[in-house]
Amino acid sequence: MAVRKSAYRRPVTAEGIKKIENKTLDYFDDAMWANLNTGVLEQYYNEKTRIEGFKRSKFIWKNVIIGIAIGTCFALINQYVGLKVGMIVSGAWYSVYLIGLAMRWGPTDVNIAAGASTGAAAACTGFVFSYPAIYLLALHKDYVIGVDAAGNPVHLVSTTAIPPIYIPMMAATLGGMLGVLYFTIFRRVWLIEDPLPVPGFEASVKLVDIANDISRGAIQQAKKSIINVAKWASAIAFFTFLRDFPLRNGESALDSAFGGRVYRHGEIAVPYYKYTHIGFELIPIQMAIGWFMRFRRALLINLGTLLTWFVIVPLTVHYHYPVYVPARSTFYDVATFSAPAIIAWKTVARVVAIGAILGGGITSLVKMWPVFRSAMSDVFVIARKAETERFDYVEGMGWFEWPMTQIPIMAIIAFLGIAVLFIIGGFPVPQTIVFALLLVVVTFFLGAIGVKVMGETGITPVSGTSFIVLIILILTFKAMGTDLSTLIIFALVGSTVFGTSLSLSSDIIGDFKIGVYAGTRPYHLVKGELTAIPFGAVVAATGATIFSIGLARGALNLQAPQAHAFATFAQIMLGPNPPYDLFLIGMAIGVLAELTTGMGTAFGLGMYLPLPLEIPLLVGGAFRDWWEKKVLEPRAKKEGWSERQKTLKVVSTYMAATGVIIGEALMGTVIAIYYVLPLIRGG
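Residue numbers are given in the working numbering: position 101 of the sequence shown equals residue 156, and the series is strictly consecutive.
A couple of the hints might just be wrong.
[Stated by the list, open to error] Simulated restraints on C-beta separations: (1) Thr79 <-> Ile488: 55 to 65 Å; (2) Ile526 <-> Ile488: 16 to 26 Å; (3) Lys279 <-> Pro689: 15 to 25 Å; (4) Pro733 <-> Ile397: 21 to 31 Å; (5) Val199 <-> Trp681: 44 to 54 Å; (6) Pro689 <-> Val199: 54 to 64 Å; (7) Lys401 <-> Gln700: 47 to 57 Å; (8) Ile468 <-> Ile526: 21 to 31 Å; (9) Ala285 <-> Ala258: 21 to 31 Å; (10) Ala643 <-> Tyr374: 10 to 20 Å; (11) Trp681 <-> Ala285: 25 to 35 Å; (12) Asp636 <-> Val95: 52 to 62 Å; (13) Val95 <-> Lys401: 53 to 63 Å; (14) Ala677 <-> Ala204: 52 to 62 Å.
Honestly, the hints are just simulated from the structure, not real lab data. Quick reminder that beta carbons are idealized off the backbone N, C-alpha and C, glycines included.
Using the sequences and the hints, build the whole thing.
This is the structure:
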């Protein structure tokens, strides 16, 4: 039998081989760290867990419920953060970890509860990226395609075509569950036999190791960090209230006190220039995200922002670019508007940026073609093995992995469930059947590609693969002669379901990866994730609807770059006067950015966002690097800290940053509900 070649396996150390042969290598042994991703270590631990895991790994409902509760909160928090700044940095995992540390949970307990937490939180992903585009195309003034005989604005999507909330909510739940179950079959190939590197997973394993050998100091540090989160969250929530909540005459406290030429609506701004706009937004979330990202990655995103505001916008104004005004069905010189730089950004630069996001995303996928090919090869390898070998059940002990026989059953349930939902919702039967079938298929094949990319790079390509799903669905339903409103609803709800499914597939693979070294039964990880998904989906769909209405009607100051990207792309493919030239220029920029930096999508995202919003991101990243170099390392060296003490100190800063995100997101959600409820009541 030929030995399968591997691009990932690292060589095994002599000590590691000796301990494995003697069966003396325990979980979190010192030799483990030198043998990660060797394949030999992972196979040894997998067999060890098949024997010891039925005693070591326990599914404790109390712990899992705590994890789900925290994750469900983050499903809403992530929704706000993603729409506000275009990125999601969830603190759910760290929050559950510290609670587990304070409550003396073991490593498998932390793994299972934190996995359930991130499962609930990840259910919001599709609702951040693509779902709000439906409301933008139906209600937002920037997506008007003309006027009717009475002078009323006309949109691509009719408001009567928007589906009831239960349809995307339940479809995303079914798709998410299917995504989790699909990728239980890849666990053995991609995490045991030929382990994907999953960059950055070592940090999570190290934290679980700390839970394995808990000390009094670690418990006190965890409790201190939790209190720190509450303090930061409270302080930032109060600041957000002062910045955004309308207390008097529709103005916030800060606007009433400082509003004028220099300060307005949370932004310290230089008065408008003709050719650009410079300012600094008082947005703690961005500084916290910058802290997580560090300086280099924040700088790459800001390079895109600088390109927009110091090259694209000035050139657009200087050359008097004609911009189309749908309400008047004619073109106007951008330089004739009262704030030409802002108009140039909205009508020209953002379309170029959306092209860059798509160009960078597709290029990153093309670069991974060898991965796609091997991913499809792995599918057939697994299928052949399933005929002769069984890994999911241990005779006399029970289920080690989730039963493989339930995967095709779940695929059928997802197909029938999604079809029935849309038929009940009044959608045409032939298109609905095709839609449900396509979702089941792309969730598997494109999901496999996305998860393989995540395993190699540490980044899940949700935007890039979701755009591909959008294109597939638009072309399919256009060929079937579907009316525009129905076509767009199918395409965008389908992208929402796929984005959620891919995010959850990626999440369970990450949980499995940690579980290999912690000795957690995969069955328990899947059980926790499946239990959590419905809770996260309900909150995500509800929050998305509230935020989307406020966003589309101009009541909320949310950037929503991905949602605008999906809406603009749909309008380019289906609407009148599509700006193909700008879109293609953007795609070329995205391709170049991806080839030179490896972060084309992030670069395009930076191009889309306002400069005042992105500078705080850079400040947060720079401050993190300065703190580590000038404060953490000297203090650790002076006081003789162990690696564990340093790790806990860094985690405590993560929790402070998480508190900042929680505080602004929760208060922002309260303010959003305050603004949106009258819009809903008023129709």
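Against the structure, the hints:
Range check, Thr79 to Ile488: Cβ separation about 57 Å, and the 55 to 65 Å hint holds. In this structure, Ile526 and Ile488 meet the distance hint of 16 to 26 Å, their C-beta atoms being roughly 20 Å apart. Lys279 and Pro689 have their C-beta atoms about 22 Å apart, which keeps the hinted 15 to 25 Å range intact. At about 27 Å, the beta-carbon gap between Pro733 and Ile397 stays in the expected band of 21 to 31 Å.
Taken as a hint, the range 44 to 54 Å holds for the pair Val199 and Trp681, whose Cβ atoms sit roughly 47 Å apart. In this structure the hint that Pro689 and Val199 lie 54 to 64 Å apart at CB holds, the actual value being about 58 Å. In this structure the hint that Lys401 and Gln700 lie 47 to 57 Å apart at CB holds, the actual value being about 50 Å. Between Ile468 and Ile526 the C-beta distance comes to about 27 Å, which sits within the given range of 21 to 31 Å.
Taken as a hint, the range 21 to 31 Å holds for the pair Ala285 and Ala258, whose Cβ atoms sit roughly 24 Å apart. The given range of 10 to 20 Å is respected by Ala643 and Tyr374, whose C-beta atoms sit roughly 19 Å from each other. Remark: the range hint 25 to 35 Å for Trp681 to Ala285 is upheld by a beta-carbon distance near 26 Å. With their beta carbons about 55 Å apart, Asp636 and Val95 fall inside the hinted range of 52 to 62 Å.
In this structure the supplied range 53 to 63 Å holds for Val95 paired with Lys401, their Cβ-Cβ distance being about 56 Å. For the hinted restraint 52 to 62 Å between Ala677 and Ala204, the CB-CB distance of approximately 56 Å keeps it satisfied.
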